[in-house]
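2 protein chains.
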Amino acid sequence: MANPTPVKPRLADELDIVIPTIRNLDFLEMWRPYFQPYHLIIVQDGDPSKVIKVPEGFDYELYNRNDINRILGPKASCISFKDSACRCFGYMVSKKKYIFTIDDDCFVAKDPSGKEINALAQHIQNLLTPSTPFFFNTLYDPYREGADFVRGYPFSLREGAPTAISHGLWLNIPDYDAPTQLVKPLERNTRYVDAVLTIPKGTLFPMCGMNLGFNRELIGAAMYFGLMGDGQPIGRYDDMWAGWCCKVICDHLGLGVKTGLPYIWHSKASNPFVNLKKEYKGIFWQEEIIPFFQSATLPKDCTTVQKCYIELSKQVKEKLGPVDPYFIKLSEAMVTWIEAWDELNPPAGSASKPQEVANGAPTKPK
Amino acid sequence: MANPTPVKPRLADELDIVIPTIRNLDFLEMWRPYFQPYHLIIVQDGDPSKVIKVPEGFDYELYNRNDINRILGPKASCISFKDSACRCFGYMVSKKKYIFTIDDDCFVAKDPSGKEINALAQHIQNLLTPSTPFFFNTLYDPYREGADFVRGYPFSLREGAPTAISHGLWLNIPDYDAPTQLVKPLERNTRYVDAVLTIPKGTLFPMCGMNLGFNRELIGAAMYFGLMGDGQPIGRYDDMWAGWCCKVICDHLGLGVKTGLPYIWHSKASNPFVNLKKEYKGIFWQEEIIPFFQSATLPKDCTTVQKCYIELSKQVKEKLGPVDPYFIKLSEAMVTWIEAWDELNPPAGSASKPQEVANGAPTKPK
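Chains A and B, in that order, are what the protein sequence lines are.
All letters in the first sequence, in the order written, are residues 1 to 366 by the UniProt record's numbering.
All letters in the second sequence, in the order written, are residues 1 to 366 by the UniProt record's numbering.
Chain A with its partners taken away, still in its complex shape:
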């Protein structure tokens, strides 16, 4: 079963790179050989009057807060401000099948042989090959060159499941929470684990948005990074929130989530004191959020990501609302997000339907 699908080295017509930023994008210079064939969607956070410089030769569109407000109108309230959670606006305006999102302090890593890692190519490889969420394969990704399913792996499960998410890792600065940063300020991740694996069905994981690929058609509408930053009681839980929601929905819809390769080089630890301030409510709340997501189930009639997400928003309101009023607001923002998503991404062929229905006069064939 190894390598059933030949992987295209470039997928420029089908993938957008989404980058949230508040500064000039000098980091792109190092990524030039890998990213230049792709279209970039830059989501500028903070002061919209600031000019963000993008190195020459890149094909991009850039949205600042004024653009977001103009495009979404009142629904712009669901997009966070002064937090990298704003990146999910980029997922919404993309028209491509796949998204790769990366932080602007992440650089090209090297594998143990000293060779530069093409992170994007690995994400594409991960997304184009199936996942194995229903049974664990001890030799990791069975679709990889030189690997396969081991003895005892049911043959009926060897076709796997479509892959919705490819979660990449980080060399150098690991993605630790503020307390761990404070306790281990010098810890660096130097271990290159040469594996990609599927996170089994029914298991939650902490999804980091620093180096993340996903299939927008399969899961994009659930890749909402929540309400963080300016005016909110919490930060640094945007990707976690998206990961928990997405995993529950992927499990329900029979989609796969992979983690492992590729690595990027994470250059700089963010300030642990600032992080602690952003995180502390999340550290407390996650003790209730995780059990909530672990026991969340979706009814059978939730057959689309949108339906799943709306249902999940109701459960968030009901079950997490009592934890803090923030979750009521978040559950409402989840609904707004779906409304905005559907407005910008009308189902194929349905673009003019709402108007027709409103007029009560569907167009007849002549």
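Keep in mind that the hints are not guaranteed to be accurate.
No distinction is drawn between identical chains; accordingly, a pair holds when it is met within one copy or between any pair of copies.
Unchecked claim - Lysine to aspartate or glutamate pairs mimicking EDC-like chemistry, simulated, CA-CA at most 20 Å apart:
1) 278 - 26
2) 115 - 194
3) 184 - 145
4) 110 - 194
5) 96 - 311
6) 307 - 230
7) 184 - 159
8) 268 - 217
9) 95 - 13
10) 278 - 343
11) 82 - 104
12) 277 - 324
By construction, these hints were calculated from the structure, which means they are not laboratory data.
Got chain A; can you put chain B on it based on the hints?
Same frame as chain A, now just chain B:
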């Protein structure tokens, strides 16, 4: 949380090495620096009149079929003959806390730097540090040097769970089933994945008995390798059967199962034609066995491994009996195994109880 427990390099008083074999144990020469401090339990399969040579200097006890029959009497029927499943007799007669079992065609592997891998030391490390079955850590084993729990990992789960099983892997000849062996006769596993990870709660995996460590006190009574080989319709599913039973019980009791490091060097592929004959019913049956184990639940009053295993044997009889009469026989052998286990491993302080009860005259303090 990394390395909460300093690992003892040797644990000779607490660990036995169990080796099933039909031949002279020349392979031990390569393992001498690693195994010589330990006691070996050799389970001789096949013709008991054959003399198995063990290299000088090893401390061992050897059991052949005559010994097994003598020690277990009629209950010897639960121990397979002419199949490496016979190894589980060694688990039963050991008095140690930990077991490491290895096949006699497995040699010392080297890590990517060319250094010999001390497989036993890694198993001990795995068994002495906790597992993380309730939430996935994307940087793999958080208790390892240089690693920790990542952002978003609930703090309440960072103590982990006691580790019951350490499943090691194989370089060179991968553990493939006969069909895969036939299709890919030249495939070799050359990928050294530098990771140990916990198989999440609720997820089954194919446990291979080639390179396996476990905590006998925590899970030994469920480490039964079933009825295989001589007189049975199936072979090469001994370790799989044990793995599925153990995983369901570990999940129920809150114990952890790890897989990954250490690697051994698996020298020689077994004959795929012979394997196909042994496996073909298993390949067919596992399509029903896996869903059975995936949906198996144990009642709350199953608080010991023995109680769990007896309950599981009943469910095997009821749910898998209709698949083939073999499973009726197997379910009865599971009960016999537990009876034999308890006979050889009476609960502490209860050794003389049965006799006292039989006499109706408990000893009174004078």
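What label fits residue 110 with residue 194 when the C-alpha limit is 20 Å: within, between, both, or neither? Both ways: residue 110 and residue 194 sit 12 Å apart in one copy and 16 Å across, limit 20 Å.
When no copy is specified for residue 268 and residue 217, does a C-alpha distance of 20 Å or less occur within a copy, between copies, both, or neither? neither (33 Å within a copy, 46 Å between copies)
Residue 184 and residue 159: within-copy, between-copy, both or neither at 20 Å Cα: Cα proximity of residue 184 and residue 159: across copies only (18 Å, versus 42 Å in one copy).
State whether the alpha carbon distance between residue 278 and residue 343 is at most 20 Å within one copy, between copies, both, or neither. Classified as neither: same-chain Cα gap 32 Å, cross-chain 59 Å, threshold 20 Å.
Up to 20 Å between alpha-carbons, please classify residue 115 paired with residue 194: within, between, both or neither. Close inside one copy (14 Å) and across copies (18 Å); limit 20 Å.
Homomeric proximity label, residue 307 with residue 230: Cα distance no greater than 20 Å: This pair counts as neither: shortest intra-copy Cα distance 29 Å, inter-copy 55 Å.
Pop the pair residue 277 and residue 324 into one bin, within, between, both or neither, using alpha-carbon distances up to 20 Å. within (17 Å within a copy, 61 Å between copies)
Using 20 Å as the alpha-carbon threshold, which applies to residue 82 and residue 104: within, between, both, or neither? Answer is within: at 15 Å inside a copy they meet the 20 Å cutoff, but 61 Å across does not.
Is it within, between, both, or neither for residue 278 and residue 26, if the alpha carbons may be no more than 20 Å apart? neither (27 Å within a copy, 61 Å between copies)
Are the CA atoms of residue 96 and residue 311 at most 20 Å apart within a copy, between copies, both, or neither? For residue 96 and residue 311, the Cα distance exceeds 20 Å both inside one copy (26 Å) and across copies (52 Å).
I want to check one pair: residue 95 and residue 13. Are their C-alpha atoms no more than 20 Å apart within a copy, between two copies, both, or neither? The answer is within: 10 Å in one copy meets 20 Å, while 64 Å across copies does not.
Could you figure out if residue 184 and residue 145 sit no more than 20 Å apart (CA to CA) within one copy, between two copies, both or neither? Close across copies (12 Å), not inside one copy (37 Å); limit 20 Å.
In summary, the structure is inconsistent with hints 1, 5, 6, 8 and 10 from the numbered list given earlier, while agreeing with the others.
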